[in-house]
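Asker: Below, each chain spelled out in residue letters.
Number of protein chains: 2
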Amino acid sequence: MHKSPERKVWSENYSEWFRKIIADIPVYDTRYPVKGTAVWTPFGFKIRKAVTQIMRDELEKTGHEEVLFPLLIPDYMLNKEGEHIKSFESEVFWVTHGGTTPLDVKLALRPTSETAIYPMFKLWISAYTDLPLKIFQIVNVFRYETKATRPMIRVREVSTFNEAHTAHATREEAEAQVAQGVEIYSRIFSRLKLPFAKSVRPDWDKFPGAVYSIAFDTILPDGKVLQMGTVHFLGQGFAKAFDIKFMKADGEYGYVWQNCYGISERLIAALLSIHGDDHGLVFPSSVAPVQVAIVPIVYKGKEEEVMKKCREVRDGLESKGIRAILDDRKELTPGNKYFTWEQRGAPVRVEIGPRDLEAGTVVLVRRDTLEKLVAKADTIYEEITKLFAAVDSNLEERSRAWMAERITQVNSLEEVRKKLDGQGGILEAPWCGSRECGEGLEVKVDARILGIPYNEGAEGELGKCINCDKKAEKRIRIARSY
Amino acid sequence: MHKSPERKVWSENYSEWFRKIIADIPVYDTRYPVKGTAVWTPFGFKIRKAVTQIMRDELEKTGHEEVLFPLLIPDYMLNKEGEHIKSFESEVFWVTHGGTTPLDVKLALRPTSETAIYPMFKLWISAYTDLPLKIFQIVNVFRYETKATRPMIRVREVSTFNEAHTAHATREEAEAQVAQGVEIYSRIFSRLKLPFAKSVRPDWDKFPGAVYSIAFDTILPDGKVLQMGTVHFLGQGFAKAFDIKFMKADGEYGYVWQNCYGISERLIAALLSIHGDDHGLVFPSSVAPVQVAIVPIVYKGKEEEVMKKCREVRDGLESKGIRAILDDRKELTPGNKYFTWEQRGAPVRVEIGPRDLEAGTVVLVRRDTLEKLVAKADTIYEEITKLFAAVDSNLEERSRAWMAERITQVNSLEEVRKKLDGQGGILEAPWCGSRECGEGLEVKVDARILGIPYNEGAEGELGKCINCDKKAEKRIRIARSY
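Which chain is which? The protein sequence lines are E and D, in order.
The letter at position 238 of the first sequence is residue 237 when you use numbering that gives the first Met the number 0, and the numbering goes up by one with no holes.
The letter at position 379 of the second sequence is residue 378 when you use numbering that gives the first Met the number 0, and the numbering goes up by one with no holes.
The following block holds chain E by itself, in its conformation from the complex (with noise of 0.2 Å):
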């Protein structure tokens, strides 16, 4: 693996390190006068954009439909699900008023959107032959969070929901499509070289009216873990709530199986948090908003000369669809815009000063290691093209390892308590199954616990439960969390 820029400030004062960088870019402004939303800027737009590109290309290639659907919710739907409406109602923004006559009807803005979309199922399903139905939107929701808010990770309009509504015939095509919810997740996240963890959720925290959710889990520079998406198994309860039938091929009716699954901004923090160092943001390849920088090493008498092969190469990169930009501001110095575009994480910096023109040459300088090379002028294209591959790689193995050292097997409480005041990350201990013991764990070691395993059996003889010492069934994963 390659050696990386320091990662000092990143690692030991992670929250400062992430506040100033979305601030100094800047990518997201989070004075704007409403607690807990903030303005998405022209630069951090296009990561956004770059982004939920990929969520868009993984959902479409596999079937789901872009829809939009209205930001309210009657009062009277969003109470139809009983578990759904008992979660949320301490959490919901309501409209009361329009303008100053009050509303006959109060109305929720969508904390998630069950309750707005179901009623529609209702009015688009009654045959076999309408499922499966497997619609997306990307939409701003909103919670009354009544904790202290954090940028892209704790907010009050989460202004980048990108939730997944699938209906189907039978229990088993519904659990099947799960599983492909699950595969979908982890290629946005692998196309963003961001490691992951997938765990079922404990029953006493899944998504409200789910009968299973599956969590895709990350560890951020601090040890904490950030939840970036989760798939849901929703059953009948929704399709029992909100009344949605269909006639059978054989002539009978029942209702329909559900799923939903939800990726937010969330995964843009962990995007920015997961790939940075001290000298700023480092982007893989696919979404940096700006993929190359060029900056002109000039001297006196031969500016001219320098710029217009700047012009030609940055002219050439584009039109191969790179991303290209020509950093030609006159006031600063080369350092000043080493500075700029190593901030915001451009994979690739291209220097070229007058002794590049008569050899030839250019100076390339990828922003993962910060390792220079000199390349043939005329092979740029395939030696930027080579550089994007290796940082793409890099990054992902370096943010693999990563994670891998934050998962740590553990087997007492002393343990547990040692590893979360220490680096933190995930801890996986034997545990009995139950749910009293659990809940109880949680308080005792002030951690939450994430479930187990996804699709992993558990490996040999587990011992006892590390809380209440019964025959251990489970290999259950404990974080502290975002």
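Keep in mind that the hints were calculated from the coordinates and are not lab data.
Wrong hints could be hidden among the right ones.
No copy labels: a pair is met if it fits in one copy or bridges any two.
As the list claims (entries may be wrong) - Quick list of in silico lysine to aspartate or glutamate cross-link-like pairs, EDC-like style, CA-CA up to 16 Å:
id, residue 1, residue 2
1, Lys34, Asp103
2, Lys308, Asp277
3, Lys45, Glu64
Please build the complex by placing chain D on the supplied structure of chain E, with the hints as guidance.
Answerer: Below, chain D alone, put in the same frame as chain E:
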């Protein structure tokens, strides 16, 4: 000009035509249980995506950067500019509670985003080097409409509001940007083959807070006018209300000069309405969700051969970037399939049967005229490309001619009333220029004054004002409007 298919229901009962087509395809489902809101279906979303892509493209290539602002605006911000709040206060939706907790500060659902964006402009702009600032966003906005709502045209949730906001150092630069805004919108409408008239709105109908407003109006099949977009010169009113100052090159401080321009899903309503006919929707090739629909004509014994050729044609077209679909639904006749793709406005239909296989031909049918032609199978891509161009230019000519016939010069109130009660459209009449007279005229003829033509001088002697008989100074446009 080509002969069109029948447009009888389309013109004689436009409202019903529109409601039926958006429900039957479906494009936009108005059965969502909140008045004045609706769902963009998968097919509708594809139209919306193609149209917003054109907006983005034209704004980006003229230096506007996309951003995303929060939905909620604190009441004290919404109230800062006096004219603005006076106009909007009766139609703002208010969020008053988070869970069961009353909020300290009431939050408005943005009715438009000046008062959300300009507090941030104050933070972003400090010196002339920060100018011009040109941004846009595509978001939902909300109006508590008390009049009857109408799908896509008069709604409570505008789902697709494209609003640009610019700030400049001088009045001259700001007004030059107004002209560029007008050009950008002209190009967007032209790419959609939509005809329009540009009017400077009368003072009593300009955007609240603006110095002046330029509007783009078109005429719908029933002769009523639809405002599709507006460009506003804001002067320094908002800059003063929001204290947006900057340091000039000479070290002095001054307020910025601002513009904003907006466009919404009314544009999509116009696109669907203006090009349609009694068979359904008709799209220009660039925005058609399906550009080519391939219908196999199968006879017993030849099914596999025909289907193979159809798949080959589809794959060939797709590989060249054409959105082609092979309609292989087994239970339907070719006639059923023609109906589907005519209704959905695919610009070209391809029919392939056993005789075509023998002759090496395909049958091509263009949607706008329903004319058939037989082409050689091996030149299909070239033929389809030609047909796209033919459809596009025919739609442009046809819609322009149609609108031109409905812009009429009139010289008496009698004539105004007669025309308004007849084919409708836009009437141009001599006017004295007084607000009092203009507002009186609106009442007398039960219509709206759209304003004076933008960037057109009054030609020759205008004679007397149509309403008060004083000397006319301007030609004014009058219409019944949505």
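Asker: 16 Å Cα cut-off: does Lys45 pair with Glu64 within a copy, between copies, both or neither?
Answerer: between (23 Å within a copy, 9 Å between copies)
Asker: When no copy is specified for Lys308 and Asp277, does a C-alpha distance of 16 Å or less occur within a copy, between copies, both, or neither?
Answerer: neither (32 Å within a copy, 58 Å between copies)
Asker: Checking an output row: Lys34 and Asp103, CA cutoff 16 Å. Within, between, both or neither?
Answerer: For Lys34 and Asp103, the Cα distance is within 16 Å only across copies (12 Å; inside one copy 28 Å).
Going down the numbered hints, you'll see the structure goes against just number 2.
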